[in-house]
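**Q** Start from the sequences, fold in the hints, and give me the full structure.
Quick mapping for you: the protein sequence lines, in order, are chains A and B.
So for the first sequence, the working numbering puts the first residue at 1; every next one is plus one.
So for the second sequence, the working numbering puts the first residue at 1001; every next one is plus one.
Hints listed in this document are in silico derivations from the structure and should not be mistaken for laboratory results.
The C-beta atom is built at its ideal place from N, Cα and C for all residues, glycine as well.
Just to be clear, a hint being listed does not mean it is correct.
[To be verified] Covered stretches of chain A, going by a simulated chain B footprint (3 or more residues, C-beta under 8 Å): (1) 29–38; (2) 62–76; (3) 105–118; (4) 140–150.
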Amino acid sequence: MTEINVRVDGVAYADAVEPRTLLVHYLREQLGKVGTVVGCDTSNCGACTVHLDGEAVKSCTVLAVQADGCEVTTIEGIAPQGSLHPMQKAFHEMHGLQCGFCTPGMIMASIDLVNDNPNPTDDEVREGIEGNLCRCTGYQNIVRAVQQAAAEMSGGAPTSSETLGAQS
Amino acid sequence: MIPAAFAYARPTTIDEALQAVADGGEDVKIMAGGQSLIPVMRLRLAAPETVVDLTRVAEMRGVREEGDAIVIGAMTTHSDVLSDPLIAQWAPLIADATETVADRQVRHRGTFGGALAHADPAGDLPAVALALDAEFVIAGLNGRRTVGAAEFFVDYLTTALEEGELLVEIRVPKLQGTWGMHYEKFNRVAQAWSIVAVAAAVRREGGVIAEARIGLTNMGPVPLRASGVEAALAGAEATAEAIAAAADRAAEGTSPSSDLNAQADYRQHLVTVLTRRAVTAAAGL
Ligand SMILES: Cc1cc2nc3c(=O)[nH]c(=O)nc-3n(C[C@H](O)[C@H](O)[C@H](O)COP(=O)(O)OP(=O)(O)OC[C@H]3O[C@@H](n4cnc5c(N)ncnc54)[C@H](O)[C@@H]3O)c2cc1C
Ligand code: FES
Ligand code: FES
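**A** Structural data, given as structure tokens:
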């Protein structure tokens, strides 16, 4: 067992983990943060995406010991209890989800994208979330949601006319 | 799945890392970004006794200028490569190819050195390193040695790295004159590996192509230089016809595999098309 000190969603934890423990399993099983999910065995689906020191990573492809000394943010920590992050709100309003399984990872990847690119085009959103698979939505409404949230996060109005038409 | 149990070492210097590898027992694995290693450990295709994690070896990260070369630390992540000004200035081909690697999450962790040491024939960076005549600086307990790109890639997933050795940094010579560069990758779905890809660097002198360097991805067990195309382009007019005629030679001497993505003959046709596109873009046409 190896000792780790890690902050997750603003709370400091000191824990002993086996080196082989994947970060996603530490989050779900040791800390009970089951908002982050596992969707594949091959590092492809992105459902497990969290932020490690502010950058989106696939938490199934990082060891828990590698998060020692780091700050982890999961889908459970992006907004205060009882409120929604602009990205969560936009996914809700734009129908950016159906079954919802991909959604935690989609939202974490999208926030990371918008942090780098506050006003992404359709193509830039698609490229930006290429590491996240959705088997339900066909992506169209996800792209709209990300653009709506991007506009809100940068304090402006939505830029794409597609975004405005999406609620019908 | 969960990887099999292993002992874990997290050195902070190259010397400590070499010692940890030497002390790690029979089956030691070096971990860079873990973006190829952790997936194979999860599938239990690898079950090392010890993992030596290089994440905290700060001296292996970053890009610096050293005389007539830029030197890229093996642990420089793909996303750091993408924002590096020296790479943008001297070797934009590397950034062009890195942008096509995987997805932003994987690029935050995966490293330049890890991708080269992994030496997957479908990996995008080996052919780029070969086209740019990069040199690989390898450290062992007995000192350092430097290996050219053509000798570094030995076979399928096999490099010149001996047991106990670390790839420390990669020296990329600064090209003199005005070069255009382009990486042309063909795959079918997002975040997929190359079915075939072509790395091209072209130096023009007015209306003539003075020199071209072409690296091929996934046209054999190791990355290849398209020397027939390079010879045909040297001194050729920078026109669509001349480039197309030269690109027709791109499959010479290649031995691509057949797999579920493509048959060998399809790859040999595709490589001529992608070479034409890559050279055309690199020549600024
Ligand atoms: C979903 C997904 C999609 C991907 N798509 C692409 C793609 O399109 N194109 C592409 O090129 N790659 C792709 N990759 C691979 C990615 O580029 C990896 O980052 C890279 O192959 C390995 O880099 P790493 O730093 O993660 O190395 P690791 O996984 O840590 O190591 C890989 C291998 O290299 C050895 N090694 C690493 N560093 C050193 C060193 N310094 N000295 C000696 N040995 C070393 C390790 O022991 C191991 O055997 C993809 C990966 C994933 C998960
Ligand atoms: S669970 Fe699929 S990428 Fe992590
Ligand atoms: S909403 Fe079901 S997988 Fe995306």
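**Q** For every hint, state whether the structure bears it out.
**A** So, going through the hints one by one against the coordinates:
Under the rule that three or more residues need a Cβ within less than 8 Å of chain B, the assignment of the stretch 29–38 of chain A is violated, with 0 such residues. With 4 residues having a Cβ less than 8 Å from any Cβ of chain B, the stretch 62–76 of chain A passes the three-residue criterion, so the hint holds. With a cut-off of 8 Å between beta carbons, the stretch 105–118 of chain A has 3 residues touching chain B; three or more are needed, and the interface restraint holds. Given as covered by chain B, the stretch 140–150 of chain A fails the check, having 0 residues with a CB less than 8 Å from a CB of that chain where 3 are the minimum.
Violated hints for the displayed structure, listed by number in ascending order: 1, 4.
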